[in-house]
Amino acid sequence: MALVLNEEQRMLKDAARDFLSEHAPVAQLRQLRDSRDAQGYSRATWQQMVDLGWSGILVPEAQGGLDFGHVGMGQIMEQNGRTLTASPLFATAVMGVSALVQAGSLAQRNALLPAIVAGELQLAPALDEGPHHAPCRVRTRLEARGDGFVLNGEKQFVSDGHSADQLIVSARSAGADADRDGISLVLVERTAPGVTVERVVMADSRNSAMIRFDNVALPRAALLGEPGTACAVIERLTEIGNAHLAAELLGLSLEACEQTVAYLNTRKQFGVLIGSYQGLQHRAAHLFSEIELLKSLVIKTLQALDAGSAEVAVLASLAKAKAGEVATLATNEAVQLHGGVGMTDELDIGFFMKRARVAEHLYGDHRYHLRRFAALSGY
Amino acid sequence: MPDLEQFRRETRIWLEANCPLSQRESVVEFEDRCWGGTKWKFTSDDQKRWLEVMAARGWTAPDWPAEYGGGGLNKEETKILREEMNRINARVPLFSMGLSMIGPALLKYGSEALKRQHIRNIVEGRIWWCQGYSEPNFGSDLAGLQTRCEDKGDHFIVNGQKVWTSYADRADWMFCLVRTDPAAVKHAGISLVLFDMNTPGVTTRPIRLISGKSPFCETFLDDVRVEKDQLVGTLNKGWELATYLLTHEREMIGSIGQSSTSAKSLHDHAVEQIGLAGGALADSVLRTDIARWEMDNRAFELTAERITDEATAGQGVGAASSMLKYTGTEINKRRHELLVSIHGQRALAWEGDAYDHGLMATQWLRTKGNSIEGGTSEIQLNIIAKRILGLGKE
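Chains as they are written, first to last, in the numbering used here: chain A, 1 to 379; chain B, 1001 to 1394.
Just so you know, the hints here were simulated from the structure itself, not pulled from any lab data. Hints should not be assumed to be uniformly reliable.
[As the list claims (entries may be wrong)] Pairwise CB distance ranges (calculated):
#1 B:SER1265 / A:ALA232: 54 to 62 Å
#2 B:GLU1076 / A:GLY148: 37 to 45 Å
#3 A:ALA144 / B:GLU1076: 55 to 63 Å
#4 A:GLU189 / B:LEU1276: 45 to 53 Å
#5 B:VAL1285 / A:THR344: 34 to 42 Å
#6 B:THR1199 / A:ASN332: 52 to 60 Å
#7 B:TRP1350 / A:ASP177: 52 to 60 Å
#8 B:LYS1048 / A:ASN332: 50 to 58 Å
#9 B:SER1026 / A:ALA232: 35 to 43 Å
We put the beta carbon where it would ideally sit given N, CA and C, even for glycine.
Excised from the complex, chain A in its bound form (with noise of 0.2 Å):
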């Protein structure tokens, strides 16, 4: 398959920079930190996201949705890095639907995706329990009790879990805590008896949330998917995950290189241009010949996944680790390369920087995906 959008997916992607830049730029995200929103995020915004029709961009159509895709998505979120919006869109447009696309009973589908589809319902999947990602490493405890479950243990770092009204949380009936067997995926209701939710505001100015489950009774419809085999659902998921976290911080990376570009050719001393020394010029045109390598993990993968391709495992890993490696190089060159202003909050190179680490280091930061790219490959 050509390595290239479609018309329709090119018309969604000027679509969604003309909305973003217009209605979510970065400002937004800045007047949100300052006012610290309880929300965390604009509800006007991504009810006119929703209205767009972006909640329902992984739907099928049968639930209400468009289908439209993970390349179409991955327009949207490559678009989103741009102006770093806070929205619900990537933990429940994304993760909440992915998750019951793959899992998902057709009950549960047909009750909770037009749900999601009309703006109704927001998700957040609470996988790990670390600083570090660790998606089959799981210490939170599932136990039949009557009927259903009973929910014990703590999960960390849960992106929009303070704000989301159910919760998607992985826990353990049997095994020790390293296994993949023995883990199932629950649907919880945030405000259900015995969740306890701590909002964490992290460096990018947006939602995560530490939550403890104490004694938190379950039916047996919260089970999501086949008791004990989550761990290869899971996989799939922060697959899903990460290619669109990819997508983000290539677009994230290109805004940042094109505002430096940018300064490099207002800024003067020793009255030229400080674009016109090679120095900073061959950090420049190194920085995009990165950004150009990246731009092609990503199409490939978000392709990938839109044809079911085996090789999703591999590409996924891939375009992660080296996403978190050019966002990181474009982000650390940006505010060098801007000097002192760089450092200044005034200034929105900050907040690139911040979301960098921070979508870097959500479902594996680089480091983890060369290895676990290594040892898919056999090494």
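Place chain B on chain A using the hints.
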């Protein structure tokens, strides 16, 4: 696209029937890849036959116009042909600077007579072309070149010296950048001329590199007579052709590391030499370095593919060849550094049957030139900064 599917089917059947099995084996030796020309010695009847059947269809130059001997395929068909050849690991039937450089330039800028004289010979691999570009004092600053070309009425006389002329000692003809107007500012007085390497006054001398024997030569031009009809394009407007040709050269050099998809992967080398411990390469530092290289290499291969696809879809951005040349050559240099790390001192042996007569060491050393020839990495970064990023314009 039923037509393309049919083309794919027919191409697959034809290749299966016509590509000799020996021409589906990976290229190991230099001579495994046919360069053509009057001095070429075919390594086998198969190599000769594979060139002939492909050339008869114009498929050595699949996307060139059929009227001059090319294949006349459109971009989609060309891509399908490449994919189908890759599918059976078919060797490229002909590899030459005629195909990659002077041919496209002649098709774009050459007179009808020049096209009739040269294109079919290139397609059929009858002439080995070499390139007269760099001079001893003008490498990166190519436009300063001083080889003089004087108008003598019905012919030109060329005097000067070229350097880094690949295979000048095996080539039949040279395409050569010369100064036709010494008074003009440097880019403005350059022309591109063609001449037979057997012309009196042309002598060559091979250059020895840090990697040992090399295809590079110095070429001395003393009162070399060049016919006037062998001027390509307009007199004194040769710089435009030169940059056009350099673009093609960059693409070729940038793709050096890329063609070896069937070759053994770096991690296969490493597992063989170093072994696994608990499922992971026993050297964890090397494991990271290899994983990072394989990531970048995959990204590079996909980028070369994407740039081609974008050009096909009419979405391309200019100066992409500089980015590909820069990234491709740097990645290839890293590959050979890693091979040396993986094989250790074995890779540094210089002589002896047991060590392939220093093949690994010579290949490693040779890659150091990748980021110099065809415009250094630093020149490519200059081009990206100026042409793509628009930096340095006052």
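### Task
Compare the structure with the hints numbered earlier in the document and write down the numbers of the violated ones, lowest to highest.
1, 2
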